[in-house]
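Those sequence lines, one after another, are chains A and B.
The opening position of the first sequence corresponds to residue 0 in numbering that gives the first Met the number 0, with each subsequent residue numbered one higher.
The opening position of the second sequence corresponds to residue 0 in numbering that gives the first Met the number 0, with each subsequent residue numbered one higher.
A few of these clues could be false.
Unchecked claim - Below, a list of computed lysine-lysine pairs in the DSS-like style, where the Cα atoms sit at most 25 Å apart:
#1 K35(B) with K135(A)
#2 K153(A) with K281(B)
#3 K135(A) with K153(A)
For the record, the hints were derived by calculation from the structure and aren't laboratory data.
Because the structure is a prediction, the values reported are computed rather than measured.
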Amino acid sequence: MIGLAGQISLAQGALMGVGAYATVYLAEALHISILVAIPIAALFTAFVGVFLGLPSFRLKGYYLAMASIAAQMILEYMFSVIDPDQYTSVPENLKAFGVMQLSMFPMQYYVVLAYAILATLLAVNLGRSAIGRALKAVGDNDVAAEIVGINVVKVKAIAFGISGFYAGLAGGLYAFTVSGIDWTAFTLDTSIEYLAMVLIGGPGRIIWGSLLGAILIRTGWSLLETNLSDMLAALGMSVLASAPKYVVLGSIVIAFLVLEPEGLIGILRRVKEYFRLWPYSY
Amino acid sequence: MDTLYLIANTAFQALVMGFIYAALALGYNIVYRVSKAVNLAEPEIVVFTAYVVFVLSAYYHVPIPAAFTLSLALGFGVGVALERLLARPLRGRPVAALMAATLGAYYVLRGMSMVVSRGFEMGSLGLPETYYSIGPVRASLSDFIAICVSLSVIVGIVLMHRYTRLGIAMRAVSEDAFGASAYGLPVTVLTMLSWGIAGVVSAAAAFALAAKAQVSPMLDFYAIKALAASLLAGLDSIAGVVVGGLVLGFMEQFGSLALDPILPGLGNQLAFIVMLVVLLFKPYGLFGTERIERV
Numbered sequence: 000m001i002g003l004a005g006q007i008s009l010a011q012g013a014l015m016g017v018g019a020y021a022t023v024y025l026a027e028a029l030h031i032s033i034l035v036a037i038p039i040a041a042l043f044t045a046f047v048g049v050f051l052g053l054p055s056f057r058l059k060g061y062y063l064a065m066a067s068i069a070a071q072m073i074l075e076y077m078f079s080v081i082d083p084d085q086y087t088s089v090p091e092n093l094k095a096f097g098v099m100q101l102s103m104f105p106m107q108y109y110v111v112l113a114y115a116i117l118a119t120l121l122a123v124n125l126g127r128s129a130i131g132r133a134l135k136a137v138g139d140n141d142v143a144a145e146i147v148g149i150n151v152v153k154v155k156a157i158a159f160g161i162s163g164f165y166a167g168l169a170g171g172l173y174a175f176t177v178s179g180i181d182w183t184a185f186t187l188d189t190s191i192e193y194l195a196m197v198l199i200g201g202p203g204r205i206i207w208g209s210l211l212g213a214i215l216i217r218t219g220w221s222l223l224e225t226n227l228s229d230m231l232a233a234l235g236m237s238v239l240a241s242a243p244k245y246v247v248l249g250s251i252v253i254a255f256l257v258l259e260p261e262g263l264i265g266i267l268r269r270v271k272e273y274f275r276l277w278p279y280s281y
Numbered sequence: 000m001d002t003l004y005l006i007a008n009t010a011f012q013a014l015v016m017g018f019i020y021a022a023l024a025l026g027y028n029i030v031y032r033v034s035k036a037v038n039l040a041e042p043e044i045v046v047f048t049a050y051v052v053f054v055l056s057a058y059y060h061v062p063i064p065a066a067f068t069l070s071l072a073l074g075f076g077v078g079v080a081l082e083r084l085l086a087r088p089l090r091g092r093p094v095a096a097l098m099a100a101t102l103g104a105y106y107v108l109r110g111m112s113m114v115v116s117r118g119f120e121m122g123s124l125g126l127p128e129t130y131y132s133i134g135p136v137r138a139s140l141s142d143f144i145a146i147c148v149s150l151s152v153i154v155g156i157v158l159m160h161r162y163t164r165l166g167i168a169m170r171a172v173s174e175d176a177f178g179a180s181a182y183g184l185p186v187t188v189l190t191m192l193s194w195g196i197a198g199v200v201s202a203a204a205a206f207a208l209a210a211k212a213q214v215s216p217m218l219d220f221y222a223i224k225a226l227a228a229s230l231l232a233g234l235d236s237i238a239g240v241v242v243g244g245l246v247l248g249f250m251e252q253f254g255s256l257a258l259d260p261i262l263p264g265l266g267n268q269l270a271f272i273v274m275l276v277v278l279l280f281k282p283y284g285l286f287g288t289e290r291i292e293r294v
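Throw the hints in and build the complete structure from the sequences for me.
Shown next as structure tokens:
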């Protein structure tokens, strides 16, 4: 979303929550498998996304960021109303497809992987479609895009729809992997974290950057948390366990924005270029 | 008689919160004027400086006025550092990049305040709890401190912008940085100063907030809500924040009075609804200048 339409959204965490809750309620109400409910819930989230994107039809960049903060806060509040215990259980019997029970470890992993691969393929190919090109045009300059005959409002709505769809999908998969949904997993911090993944990976037109960023942050995170938490606990400072995480992530984001705006993908591209030209420098 | 008391006291609280919101919004607006970006790190500057005051006075027994002065200096330092490390290298790049960078700073500052506060211990500033009755209104000393601090900051900034040479220079930079530099104004220094002043304003607002509410990591929530006041006033207006802040304060206090019996906590969310409505219908706010874009 950032790459294609050039806008920042800070409501991704909340939209993910919408997807997660919608998945569970749908699956319970209709007694269908969660696997079927996930895409439907994602579609629903897409509509929520379009609705939240309404202000941006008149506005650009930073105004949208603020609208999305407001939306995130309102949605967070709504979660706290519908789910005051911070726990909505996901019934195990719905995590099945036909007779196959999918909640155990290896199967669960394959299901999530399948969805993720499908979603990535879609996203990669989207960039080369008519819609993808329209999105890029709007991202570069929406006034100019309008002049060459692109329906900017429609394209922006589609962008929000797609971004909502992906957030919803992620939320649905989250609901699928846990035994209970806790809305504190969908706060503003979550949104910022996702933004950080994209920025570090490479906020370009290439989906692989975001993927790379997500993988790196997730693994780096776990490593940091296990090592540092132990270290701090040994020093008797376990209350500070999550402080380094904030400082490190924040500094990395700043460093990438200032020094390497293309992200990891940019670095990779330069490395590739170097070896292609080797032994000459150009 | 009871209703009168209720309304008078709610109105007074709305006034206090309104001025605090106005001061917080002023912090956003000063930065926006020079860098055309919203400083999303401000909520954590507020938390950080509030905790500095709290820790200094509670653990090291520094008198509160001294701790407050120190936190103002710290706010200035943080503002200047943000300008030097983020805004200046990112000049000429899309505004979204700078805003994302301030989000990074938001994270760094949160980690720092966590360290300063030893894991976010909560507490009150320990101001004397004296109460005064003015007609039907019951007001505490901290209410008056909050009003005094935020109001004097706002008035000070407004006067500075209108009458001093520095203020006029800052106005020139925010109007047209290129033109200002052609007239020999040190644009870089002025931009840096603006960020620093925004930091001071945030620190002062943080103190007002800390006097009014408990010192806790949740103080950033107030600062995020103040974005609504800032938008309502128009992101590049200075004196308009008073109107924006007071509207927000009154709406929130009376809204809570009316709505909380129906759904608890709904009044707190009104700010975000205000934000969305302003963005939908009057994105440049009440006093902001409309920006016209050319291709």
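Broken hints, by number: Those not satisfied: there are none.
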